[in-house]
Each structure stands twice: as C-alpha cells, then as structure tokens.
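Q: Got chain A sorted already, so can you dock chain B onto it with the hints?
In case you want the letters, here they are:
There are 2 protein chains.
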Amino acid sequence: MSKTYTKTEKAFLTYLREIKAYHEALSLIFWDLRTKAPKKGVKTRSETIGILSSKVHRMTTSDRMKEFIDQLKDETKDPIIHKAVLECEKKYERSIKIPEDENKEYVTLQSQAESVWEEAREKSDFEMFKPYLEKLVDFNIKFANYWGYDQHIYDTLLDIYEPGITVKQLDEVFPKLRTSLVNLLEKVKRSKNKPDPSVILQKFPKEDQKRFTLEILEQMGYDFEAGRLDDTVHPFEITLNQQDVRITTRYDENDFRMAVFGTIHEGGHALYEQNISDELEGTPLSSGTSMGIHESQSLFWENYVARSKAFWKRYYNTFKRYAPEEFHSIPLDMFYQSINEVRPSYIRIEADEMTYPLHIMIRYELEKALISQDIDVKDLPELWNDKMEDYLGIRPRNDREGVLQDVHWSGGSFGYFPSYALGYMYGAQLLHAMNQSFDVNQAIENGELKKIKEWLTVQIHQYGKMKEPLDILKDVTGETLNPDYLVRYLEKKYQDIYQW
Amino acid sequence: MSKTYTKTEKAFLTYLREIKAYHEALSLIFWDLRTKAPKKGVKTRSETIGILSSKVHRMTTSDRMKEFIDQLKDETKDPIIHKAVLECEKKYERSIKIPEDENKEYVTLQSQAESVWEEAREKSDFEMFKPYLEKLVDFNIKFANYWGYDQHIYDTLLDIYEPGITVKQLDEVFPKLRTSLVNLLEKVKRSKNKPDPSVILQKFPKEDQKRFTLEILEQMGYDFEAGRLDDTVHPFEITLNQQDVRITTRYDENDFRMAVFGTIHEGGHALYEQNISDELEGTPLSSGTSMGIHESQSLFWENYVARSKAFWKRYYNTFKRYAPEEFHSIPLDMFYQSINEVRPSYIRIEADEMTYPLHIMIRYELEKALISQDIDVKDLPELWNDKMEDYLGIRPRNDREGVLQDVHWSGGSFGYFPSYALGYMYGAQLLHAMNQSFDVNQAIENGELKKIKEWLTVQIHQYGKMKEPLDILKDVTGETLNPDYLVRYLEKKYQDIYQW
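Protein chains in written order, with my numbering: chain A, 5 to 504; chain B, 5 to 504.
Chain A extracted, bound-state conformation:
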C-alpha cells in the first residue's frame, strides 16, 4: 500500500481489514470443524461461531459503515476503494431492510430447519420437513419484497449469488438448453455403443489416489505453499486469506472418480482464489466475483480439462504409475469412455456432465414458482418427481432420492442453484474463447496445464470482485450468457463416445 489515501479512506481500509480478520478466524474454524475438530468441542465452538458472525454482522451494518459509504461513495478517486464501498453498500442495504426481530427469527429457523432436514432426509419423510420449508419460503418472499425488485421477485434472490442474472435471461436460456440436453440424452439412450463403467470400478487404495491427485494439482499450478489438501466428508474449498487457500476431498476406494475429479474441481476453485490480485487483499473484493463464475472455474478443470481425451492421453501413464495392476490393461479409449458414461441419476451430485444441468433446471423452476407463489410447498415432492421423469426419464422412488436430497433449501438458500448451470455455460464459453488464444487440447496433451491457469488468471482470477460476472464474460468472450457453446461441446464430445 504505497498509495496515498485520505484519512477516511485509511480508516475505511482498517475497518474492512478488521472484518476480514473475523472472517479469517471463522473460515479456519469451519475448516477445522470439517477436518480435525474433536466432536465434544463442537457445542462451545458453535457458540463461538455465533459470536464472531454477529460481530461481523454488527460491523457491516453499523452507523460507522453507513458513514464510510456516504463519505466515500462519490468522493473517493481510488477505484478499488470505490468498488469496495459499493460492495459494502449492497450488503448494508440488504441487511438494514430486514427488521432485526425477523432476522433473528430467521437465523434460528435456519439452524432448526437444517437439523430437521437431516433427519427428514434420513427417514425420507417430507412431511417432517414441510412446515420448516414453508416458513423458509415465506421468509424469503417477505425479504425479497423488503429488498424490492424491478421485474421478477426471484431476481432479487438471484442477485445475491449471481449479480446481473435475471429470471428473464434464465427463462430464455434454460429451456433452450433443456431441449438440447434432452435430445442429446435420447441419442445417448439409443446408442449401441455404450461404455462399460464397471471396468474402471476397481479397488484403488486411498493413499495412491491421493498421490496421483497431488501430482495433478501440482501440474495445474495449485500452490502448496499457499494451501493444503485434507480429507473430509463433503469436499470444499475455503479461503483463509489469499495465501492460504485450502481444499478437501473424500475418497471412495472402489470408485477413484470421486476423489480424482472432486479434487481437481476444488483445485479449480482454489486457483481462482490463489490468483486474485494482491491489491485487493484485506477488502471484500478479494474473492471470486460470483458463485457462477466460481463454478465455471472448478468445472473448467473438472470437465473441460480432466474429463477430456487430451488429458488422459497425457496423464494416463502417470495415473497407471499410482493405480493398481487391474487398471494397466484397460486401453486408453475404453478408459476415457468409461469415465464419461452418461447415465441419468436420482442424485444431483452423482450426475454426469450431460445430465447435471437438467437437475439444476428442475430446482430452478420449482424454487422460482415457490417464491412467486405459483406452487405450494406441499406439492413439491410430486412436482419434483414429475419433472425428473420428464427431463431425465427416471422417477425417484422416495423423497430421499428426490426432493429431500439437497441441503440448500434447509439453509434458506433460494437463488443459489442456477449458479451451477451458469458455471457449465460460462465454462464452455470460456473454453471457446481460450481456443482463440491457443489450442487448448494441444496444450493439455503437452502437459501445459499451467498455460491454462495463466490464461484464466489474466482473464478472470486477478480481478476478484472488481468486475461483475457478466462484465467478465463480456470482456473475455465478447458475448453475454449463451448456452450454445455448452451444447456444441457436449454434442461433439458425446457423439465421439456414443457414436450416434
């Protein structure tokens, strides 16, 4: 910070840095809870989380914050401070519009709902979760009205996770994408050239899987001096600070795909966070710009890189160095086809890359209808199953593998799901743009994964939250959201595999 700041700017930066300190502590606490923490300490730890979170909340909604916003918004000449002010203003405005007692009630509801959901899912009992979900939907409708919106009430929820994206856009894009995917899926189903996934479902010791993924992370340019890899039940990436970006993964010794693709996925998130410009450190801008853009990075590495033929041309021998004998006799083509098997599944997180976006659209359509009060919570299980049958051709046998499978709604997250499908589309658009700069497949085959990382850093990572998601997309690809690239990518790839 060799820049010259005004007194207010300096005070604002110090204030932001203090908020960041609590965030860093909270992130470490979450990481620890999910990787290392002894179980009896969790009760007190939860209280501590509550105390630190409410400290952050008080600071982001304080009169002091309001003063900073008012004083700096029009006056500051520093573009980073200006953008940070806008970011703070957004959070401030959202927070102060919610009456304190309602917010308190909502926070309590969230934590109750999450544990009820867990039990309800276990028992596959939607009725148990229903009253909580009803209240959560009601709160979200009420909050959305407090926040206000131009066109569609759901827009204001979308805006939390993917600023700039609206119902109007999604309603244009998603149906096109859905039709294309359903058509592709039909072709897959009719194909006589189906891969046999069982050939790759061989026992693969955890420690050897880990060694392989560590080597790939290294190749991708993940900086192990600014991060680490641990085991967990639910894989995640978490940023403590810009030079401490950790990832976790889980292992299935009978299906290496979980850890290998899971780790590369989280590695993609981590590369984003590790490569944000140092200039943004200590401000709310030093993080990925949106859920969708973040997901475009993780999916880029997981699918467009690591599930490509070029990748396995390059790394299949490396893989075999760590894999047990049983893998050694599988021909490359057969291996490649097997890891790319398309098979409609009940569970979203087990879906392949072709059917995955269909899972998202089901959730989008349902939650949009819930928020605009076109459907009732009580009708969800039936509607869910109908859509599954419609889009994927399979009907869940119970709510556990249907409407109860995801945690998001129990935490009150409405508007989040679309990010996943956006990530797929953004990613395909970025792949297209990257191919204008250099032959991506050739680079992968040459083992130049760092070239991909560099390109993504220059185009996306460095900006953190300085640019809005659709501005990034525009600047990099010259276009707005466009599903055609994803469809074309899938068509080309799966035509080759399924030979229709």
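These aren't lab readings, by the way, just hints derived from the structure by calculation. Treat the hints loosely; a few may be bogus.
Because identical chains cannot be distinguished in the list, a pair is counted as satisfied if it fits within a single copy or across any two copies.
[What the hints assert, rightly or not] As a list, the in silico BS3-like pairs of lysine-lysine whose alpha-carbon atoms are at most 30 Å apart:
(1) Lys101 - Lys391
(2) Lys59 - Lys11
(3) Lys193 - Lys43
(4) Lys214 - Lys180
(5) Lys193 - Lys180
(6) Lys471 - Lys7
(7) Lys210 - Lys43
(8) Lys43 - Lys214
(9) Lys7 - Lys47
(10) Lys207 - Lys455
(11) Lys454 - Lys77
(12) Lys77 - Lys59
(13) Lys94 - Lys11
(14) Lys313 - Lys77
(15) Lys313 - Lys134
(16) Lys108 - Lys7
(17) Lys193 - Lys7
(18) Lys134 - Lys70
(19) Lys94 - Lys146
(20) Lys101 - Lys172
A: Then chain B, alone, in the frame of chain A:
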C-alpha cells in the same frame, strides 16, 4: 446455567463469553500455524492475530469492563462471578497502568527482539541481542514500578505467572534445594554404577512411537473426543475450549524418549484443562490456575509416573509390542536405569530431572538481579557460565549453548522461569499427599493410571482458577512450598539407580 443472575451479571457473562470467543479463535490460529498452516499465508495471518489480540485487549481494558468490576465486585453473591471479577480486575489494573504509547513500543520491541534473538542464537552472538535485551529489561523495570510492589520489585513479575509466590519464599527455598541437588549430583558423579544410555538409543520408527504414546494417553484418561495429537517442532498443549484440548509432540527416531516423555508431559497439561469444572466455562477461570501448578501436572505424569520403575514394570511389555527387536533383549532394570541417566547438560530442555531445577535457579538468580539492577545485561554471558560451572560443573563453550538458549527473555518474559522449578516441588508434594490416599506405585503397577487422574481432578483440576496456587497446595498437602519432598524423592530414586 440454570442459576438466576441479575441483569448486570448476565451482561458481564455475555461480555466474558465474547472475549472467550476471540481467545478460542486465536488459539485455533496458533495451533494451526504450528501444525498445518501453509507458509505463505503467515504474513496475513500475523496481521489477523494482531487484530484479534487488540480486540481482546480493548475489551479487557474498556470502560465497560471497569463498570462491570465496580458494579459487581462487592455486590455479586455468586462465587464464580466474584472470582471472575477479581481476575478481570487484576488484568484491568495491570493494563491501564501502562501508558498506551509505552505499551505499543514494547509490543513492537518484543516482536523485533524475538527475531533478533533467533538470529543471534543461530550465530551464537550475544552482542547482537544485547541492545534488545537491555531495552526489554528496562521496560520490565519501568512496568514493575508502575504496577508497584511491597517488598521486592521482582515480586510483581512473579505475580503474573505464580500469584502468591515471592522473592522471599524463593530465596529461602531455592538455596536449600540447590545445595541438596549439588550434593546429589556429586554422589551421582562419584558412582561406579552408571547406567549406559546408549543401549536405548536404537532406531524406533515414528509411527510406532506414536502408537505407543497414544495407548499411554488413553490409559492416562486423556479424552480423544475432546482433543487430538499432532506433530510439531516445539511440543505444546493448547486449549481451544474445555472440550477441545489439543497436544502436539515431536519425534526423534533415534531417541524415543523425546516423543514418549514429551507426549506424556503435554498429556499431563491436557488432563488439567480437560477436567476443569463445566461451571467455569466461558469465564477467564476455566484454565489452569498458574504456570507452576500447570507444570506440576505435566511433570507429575512425565517424571513421577512415566519415569518410575512401577510404570515400566507395568508397561514395558506394551512398549515392546511397538518397539523394534533391538529393544526386546534389554532387561527391565537396565532399561529403567538408562532412561533415568543423570548427566549435566548445557541445554535446559535436554536436562534430566535431577539437574533441571539447577538450570532454573541460574535463570532466576540472573533475572532477579537484572530487574533489581544489581547486574548489567552486558555481564550476563560471563555470569551465566560461572553459575553453570558452579552448580552443574560444566562451562558452556559459547553463548548459543549458554545465555542465548531460551526464547523467554526475547519475548519479555521475566518471572516465568521459576514456575518450572515450582512445578517440580509442587509435584513432589502432591505425590506425597497422593500416597496418603493410596499406594501410588502399586496403582501404577496395576495399570490404574486413571485413579491418579481422578485424584488430581478432585484435588486440583476441577477448580480451574477458582483457587490460587498456594491455596491449592495448602488444601491438598496441608503445607506451603516445601522443597524437602523433591529432595527426598530424588535421593531415594537415584540412590537405587546409582547405588551410592
């Protein structure tokens, strides 16, 4: 908390709980830094530590805190709150007596001095460290005068770590202890029956050492659901909350004693913290009452239990289950004698239990003289070496193995060292008292280590900071500090080993 509290009491407890939350975050950060954290994240992490620490400092010295103290000190009828108020008052009074600018200067000096010390020790160059140490001593003299004292200026520093202990007491006890130890050491030196330590210096794989220590920790009653064991460079125990008390250890594959006795030592600290009464949770009372009493617990397990013959009678077979072949032919007596070899060493942390307290007395005498301005910093190396020769019969060949070996002074800790020797003496007094309740050696030989833990919990652990160190000693043993028990213990044990 089913008690009825007044409004002020409730507010005070909430305030204390918030301070605890920052402490918990800080503890986790320290633990993480020393066990897991990627190195590039350390810079930002250090800033974060500074921010959280100064938040704690602001809260413990705030006007609000002063109000709580004034309102509750004489009014509260709750003994826990009353004691917590006194504890807060003590911290408050100490803090506000230091002018803010001097404190700031001192904090900066501390961190500079620590890194200068590291380099100076590396280079064995006292001159390099001298100006920093001079300033640190000056500050401590100045602060001690701000704080005030009755008899000796050093008393007010002692009081930080071991409330109730004074120079008067130490000057009675230490010389007696020193004379006895020097006499015992003479007998050891003249003995013709010296153990051969080389027989136990066999390669012992780290993972197997760990398995053995885990089994012993389990036997001691360390609760692994409320803690965990990790690797580190400098072993420590750290309390995140009462149900999350972690320990770390380091391994030397050519000398198992480092990890085995080190882990049991930290385990002793951890048992103390794990077994404090739940009623004190969330207050500053939920921690060990003093450095000396804490050390009495760790040393109790390390020496009085784990270096005893009874312990190895019981656990030598267990040990052999994990130890390599080379150990299997060593007879129990020879093994026992070897792990208890007495040999004067330059380095305190490598000292045996007989010579260890002599290292402490050297430091005590020197720092007391520094603070009372009877000697100058520049004369330290020479005085140090003279005393080493006098008490231990060896003269350091350089400052690295002499006056520069310990980190404490570089952090401004004067008054801390005596705790170590107090821990030895307290421990021997507790052992004597425990033997009035049951035959300790017999219990160890029966593998009833938990009986020892239970006794220590009832007598000491549960009280946390509710009792002052000398009150605990009095209540448990009926006596005040008395070095005779330690001397008798050492005499008996080493007469048996060295057969004089």
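Q: Taking the hints in turn, state whether each one holds.
A: Hints versus structure:
When the C-alpha separation of lysine 101 and lysine 391 is checked against a cutoff of 30 Å, the pair qualifies neither within a copy, at 36 Å, nor between copies, at 71 Å. Taking the shortest alpha-carbon separations for lysine 59 and lysine 11, both the intra-copy value of 24 Å and the inter-copy value of 22 Å come in at or below 30 Å. Within a single copy, lysine 193 and lysine 43 get their C-alpha atoms no closer than 46 Å, and across copies no closer than 51 Å, so neither meets the 30 Å cut-off. In this assembly of identical chains, the alpha carbons of lysine 214 and lysine 180 never lie at most 30 Å apart, being 39 Å within a copy and 59 Å across copies at closest.
For a Cα distance limit of 30 Å, the shortest separation of lysine 193 from lysine 180 inside one copy, 20 Å, qualifies, whereas the shortest one across copies, 91 Å, does not. Taking the shortest Cα distances, lysine 471 and lysine 7 sit within 30 Å of each other inside one copy (21 Å), while across copies they are farther apart (54 Å). Taking the closest pair of Cα atoms, lysine 210 and lysine 43 come within 30 Å of each other both inside a single copy (24 Å) and across two copies (26 Å). Taking the shortest alpha-carbon separations for lysine 43 and lysine 214, both the intra-copy value of 26 Å and the inter-copy value of 21 Å come in at or below 30 Å.
When the C-alpha separation of lysine 7 and lysine 47 is checked against a cutoff of 30 Å, the pair qualifies only between copies, where the shortest distance is 20 Å, while the shortest distance within a copy is 45 Å. In this homomeric assembly, lysine 207 and lysine 455 never come within 30 Å of each other (Cα to Cα): the closest approach is 33 Å inside a single copy and 46 Å across copies. Taking identical chains as interchangeable, the C-alpha atoms of lysine 454 and lysine 77 are never at most 30 Å apart, the minima being 39 Å within one chain and 64 Å between chains. Taking identical chains as interchangeable, the C-alpha atoms of lysine 77 and lysine 59 lie at most 30 Å apart whether they share a chain (24 Å) or sit on different chains (28 Å).
Taking the closest pair of Cα atoms, lysine 94 and lysine 11 come within 30 Å of each other only inside a single copy of the chain (23 Å); across copies the shortest separation is 36 Å, beyond that limit. Taking identical chains as interchangeable, the C-alpha atoms of lysine 313 and lysine 77 are never at most 30 Å apart, the minima being 50 Å within one chain and 74 Å between chains. Proximity of lysine 313 and lysine 134 under a CA criterion of 30 Å is satisfied in neither setting, with 45 Å inside one chain copy and 65 Å between copies. For the homomeric pair lysine 108 and lysine 7, the shortest alpha-carbon distance between copies (25 Å) is at most 30 Å, but the shortest distance inside one copy (41 Å) is not.
In the homo-oligomer, the alpha carbons of lysine 193 and lysine 7 never lie at most 30 Å apart, since the shortest distance is 61 Å inside one protomer and 67 Å across protomers. Within a single copy, lysine 134 and lysine 70 get their C-alpha atoms no closer than 39 Å, and across copies no closer than 50 Å, so neither meets the 30 Å cut-off. In this assembly of identical chains, the alpha carbons of lysine 94 and lysine 146 lie at most 30 Å apart only when taken from the same copy (18 Å versus 50 Å across copies). Taking CA atoms no more than 30 Å apart as the test, lysine 101 paired with lysine 172 passes inside one copy only; the shortest distance there is 25 Å, against 64 Å between copies.
This entry does not satisfy hints 1, 3, 4, 10, 11, 14, 15, 17, 18, going by the numbered hints stated previously.
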